[in-house]
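Q: These are the residues of each chain, in order.
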Amino acid sequence: MREFLNELFTKRYKYDFSYILSLSISILLALILGAVIMLILGYNPIEGYGALIKGAFGSPRGIGDTLAKTVTLAMTGLAMAVAAKAGMFNVGGEGQLFLGAMAAAIVGAELTGVSPIIAIPLCLLAAMAAGGAYASIPAVLKVRLGVNEVITTIMMNSIAIYLCVYLSNGPLKTTERGIASGTQAIDPEFKFTRLITSSTLTQSIFIAAVIALVVWYFMSKTAQGYEQRLTGQNYEFSRYSGFKTNRIAIISMIISGAICGLVGMFEVFGIHGRFIESISKEFYFDGMLVAMIMRYNPIGIVVISIFFAALKMGSTAMEMKVGISSELILVVQSIIIFFMAAENGISRILKEKAAIRKAKREYLAAKAGNV
Amino acid sequence: MSNDIAVNMKNITVRFVETLANDDISLSIKKGEIFAIVGENGAGKTTLMNVLAGQIQPTLGSVEILGSTVTTFSPTAAIKAGIGMVHQHFMLIDSFTVAQNIVLGHEPKKPAKFGIFFDNKAAVRFTEDLIREYGLEVPPNARVRDLGVGLQQRVEILKALALGSKVLILDEPTAVLTPSETDELFKIIRKLKEKGHTIIIITHKLYEVMEISDRVAVLRAGKLAGIEETKNLSESKLASMMVGHELSFESIPRDETVKTPVLDIKNLTVSNARGLIAINDLNLTINSGEIVGIAGVEGNGQSELAQAITGLRPALKGSIYLNGIEITKQSPEKIRKLGLAHIPEDRIKTGLSKQASIWENLLVGKQRRREFAWLKLHLRRDKISKYSKEVYNQFDVRGAGIHIPVGSLSGGNMQKIVVGREFSFENTRAYVISQPTRGLDIAAMQFIHKQIINKRNEGAAILLISADLDEIFMLSDRICTLFEGKITAEFDPKTASKEKVGLAMLTHSKEEVCENS
Ligand SMILES: Nc1ncnc2c1ncn2[C@@H]1O[C@H](COP(=O)(O)OP(=O)(O)OP(=O)(O)O)[C@@H](O)[C@H]1O
Ligand SMILES: [Mg+2]
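The listed protein sequences derive, respectively, from chains A and B. One point on numbering: in our numbering, the residue at position 88 of the first sequence is 88, and numbering is uninterrupted. One point on numbering: in our numbering, the residue at position 44 of the second sequence is 1044, and numbering is uninterrupted.
Just to be clear, a hint being listed does not mean it is correct.
[To be verified] Simulated crosslink set (BS3-like; lysine-lysine; CA at most 30 Å straight-line): (1) K1191(B) x K1237(B); (2) K1223(B) x K221(A); (3) K1366(B) x K221(A).
Just so you know, these hints were derived from the structure itself, not from any lab.
Looking at chain A on its own, in the form it has when it is part of the complex (with noise of 0.2 Å):
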C-alpha cells in the first residue's frame, strides 16, 4: 500500500499528468470551436450546449442512454486496448463483435427453457469463444508466417460480416412472421432486465464493470500483462529477454476477441433478442479511436467513453431541441482527436487512422453488398 502512495503521489504520475493537461486543453479548445462554428452558423453555443448536456445527462433516460452507449465504448476500447498494448494492432474487432453476437443469438435460441442461470453463462462464454477464437486466426498468422495482422484483421472483418449477414437471411432466419431478416429469437427469460424505463441501459452494465476491473488488473497487476506491456513497447527486447512472444501475441488477440464477442451478446440480449444485420452500427471503429486517444490506458479508457458518449447521446437532443445538426458534435470530435494525434506524434496515428478508414471503407463495403 505504501508503494502504491508513493508512486501515486511521487513519481510515476507526473509523467502522465502532462498527457491529461494537453488531452483538457484539447477538449476545451475543441468545445470552444464548436461554439464558433455554433455562432457563424447563428445559433446561440449555450443553449445548443446546454440542449446537449440537458440530453446526456437531464433524464434518467438521457442518463441511461448515456451509460449505455459508455459501455459499448469502453468495452470496444479496452479490446483494442489489450492488443494494442501487446504490439497487436486489432482493427478485426467489427468482425469478432458479430461472430459474439451470432454465437450467443444461436445458443441462446437452442437453449430456450433452460434456466437463466446456466444459460446466460452459457451464452457469455460462446460469445467470447466465437471472438477469441477468431481473433487468434490473424495472430497465428502473423507468429507462424509473419502476416501483417492490420491486413489480415481488416480481411476477416469482410469474412465475418458476410456469414453472419447470409446465416440471418438464410439458413437461420427465424420462421416468425413479419419479421425481415434475423435469426431465432432467444428466451425471453435471458433477455437482461433494462435498469431505467424505455432507456437501452441494461444488466449488462455490470458485466461490463467487472470485465472493466478484470482487464485493468489483469494489465497493469500481472506477471502475464507485464510481459504483453513490454512486448509491446519493444519487441526486439521482449525476444532478447526470453519472453515467449508467440505466445503473447496470441493471447493478446484472443481477449481482445473474446470481448469484442461480448460486446455482441450485450446487443442481442440486452436489446434486440435475436441477432439482426445491424447489430453494430461501427461500434469497434469508435472504441478504437477512444482507445487510441486514451494511449490504450484502462481507466482512461473507461473515463474518456463516458465523455463522448455524453457528446453523441446529447447531440441528438441538441439538434431536436435547438435545431444544430448533430454533425457539429462530429467535428468537435474530430478536432479533439487531431490535436491529440499531434500530441501522440502525427505519423503514428496518421498510420493508424488510415488503417481505420481502409477498414471502415471495407466494412461498408461488405453490408453495402448485402443490401
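Assemble chain B with the ligands onto chain A, guided by the hints.
A: For chain B with the ligands alone, coordinates are given in the frame of chain A:
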C-alpha cells in the same frame, strides 16, 4: 564581449522533474579550441551540450554563441548560430545513401523540373566538394547501413559541417571506435581546429583528453567542478577531480579454477540481416572460469556471433553446446533457462525498453518466479521494489529512483541497468558480453570489470566482445581475433603485444601476421 569567444554559457541550470541535471554552470570556450568535458555517468554532460544544441531549454541561464545571445532554444536556431552536434546515439537514416543523408533538410532540387524533384547528382557533387574541403573520406553513394560505425560517424560530422557549423560538439565519439579509428578521428579533429573550428568533445577515456584537448571542464553531479588547461593536468589528477577523491587502480585477483568446457561452438555459420555470410565455419570452446576476448574491427561478425549463441539469430550450419546440451535451435527463452545471460551490444534496441520503468527493466527474466509473482500471476510489488533497489544501489545507478522510465537515465546509467540485471541471475553458467562498458565512466568501468572477473572466478564461462582493446587485454584469459567471420589468431594476453593483435584484426591468417611482424 571579445570576439575570440566561441561559446559563452552563463549560470546554466536544467531541472528535470526529479533531477537537477545542470546546476548553475558558467563556462566560456575560445574559438579554435579543443575543449573536453568529462564527468561521471549522469553528471550532466549530455544535458549541457543539448542546451547548446538547442535540444533543451535551460531552466535558468543564458547562452551566447559566436558573440550573439541565443533567444530561442531550438535545433534550427542552434544550427543557424553555428552549432553542430554528433549525438551519443547516431541519428542517420540507415536506408539512405551518404549523400542523401548529408543533404537531408536542404536537398538540392532539379531546377528544370519546377524545382520539386530531388537532384541526386547535385547531392553527390555537394558531398564530394565537402569531402575534398575537409579531407574526410567517405563513399558518397554507399548506403549508411553498409558502413561501419567509424564511417557513419564521419558522415555525422560531415552532415554538421554541411550545415555550416563552426562549433562542433561530439558526444562520446570514441566509445564506439577501435583505437585506430580513434586515431583517425583525432586527426580529423586537429585538421578542423586548423581550419578555425571549435571542437567540444565528451569522453570517458582520460588519456584521450590528455592527448587531444587544450582545456578540460569537469562536471560532478550537475555542478562545474573545475576548468583547467590540459597541460597542467595528469590523468590521475583529472580522475580525482571527477569523482571528488583519489581513485585506486588495484588489480583484481584471478583464481585458478578447474577448467571444463562450458560453451562449445562447432563449425558455426551464420548469415547477417541481409543474408550474407557473417560467421563462417567458426570453432570456439570456452571453459569454465575462463574469459575469451574477441578482438576485431566492428562488422566482422561480432554481432551475429553473439546473436547466434543467444538464440536470437538462426545458425545456417554447425552447432552450439552449453554444458553439453545442444542449444543451436533453441529459443532465447530456453537458452536463458539453461544458464546463459547476455549483455547485448545495443542497449537501447535490444537491452531495454526505454518507456518502461527501471524496476520493470530489472524484473525481466524473473517475473514468473514465486518470490515476485504470487501464483506466477499477481506481481508482488513490494518484493520487486526491494530487489530492484538492491541492484540499483549495488550498481550505483545515478537517477531518480526505480520508478522513472529507463529512457530518462543518462547513457552510462542505462548500461548499468542492463549489466546489473544480467549479473543478477543466480545459476548462470555462461555469459555473452558485448561492449560491457561502452559509455561508462572510469569508476563504473572498474566496478563492472571487477564483476566480470568475479563471475569468472566463480566458474562462469565468458565470451567477451569489445571494441576496446585495453578492455580485452585487461579481462581476457585468451584473446581471439575475428576477421570476416573467422577466428584468425589466438593470443595469450600476458605475452602478446597490442600491435600484433591489432594487426591480426585486419588480416586473413596467422601466417600473414607472422610475416608482417
Ligand atoms: N529527458 C530526461 N528526463 C529526466 N531526467 C533526465 C533526462 N535526461 C537526463 N536526465 C537526468 O539528468 C542527469 C544528467 O544526464 P546526462 O545525460 O546529461 O548525463 P551524462 O553526463 O551525459 O552521463 P553519461 O556519461 O552516462 O552519458 C541524469 O541524472 C539523468 O537521469
Ligand atoms: Mg551522456
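Q: Which hint numbers does the structure go against, in order from smallest to largest?
A: Of the numbered hints given earlier, the structure breaks just one, which is hint 2.
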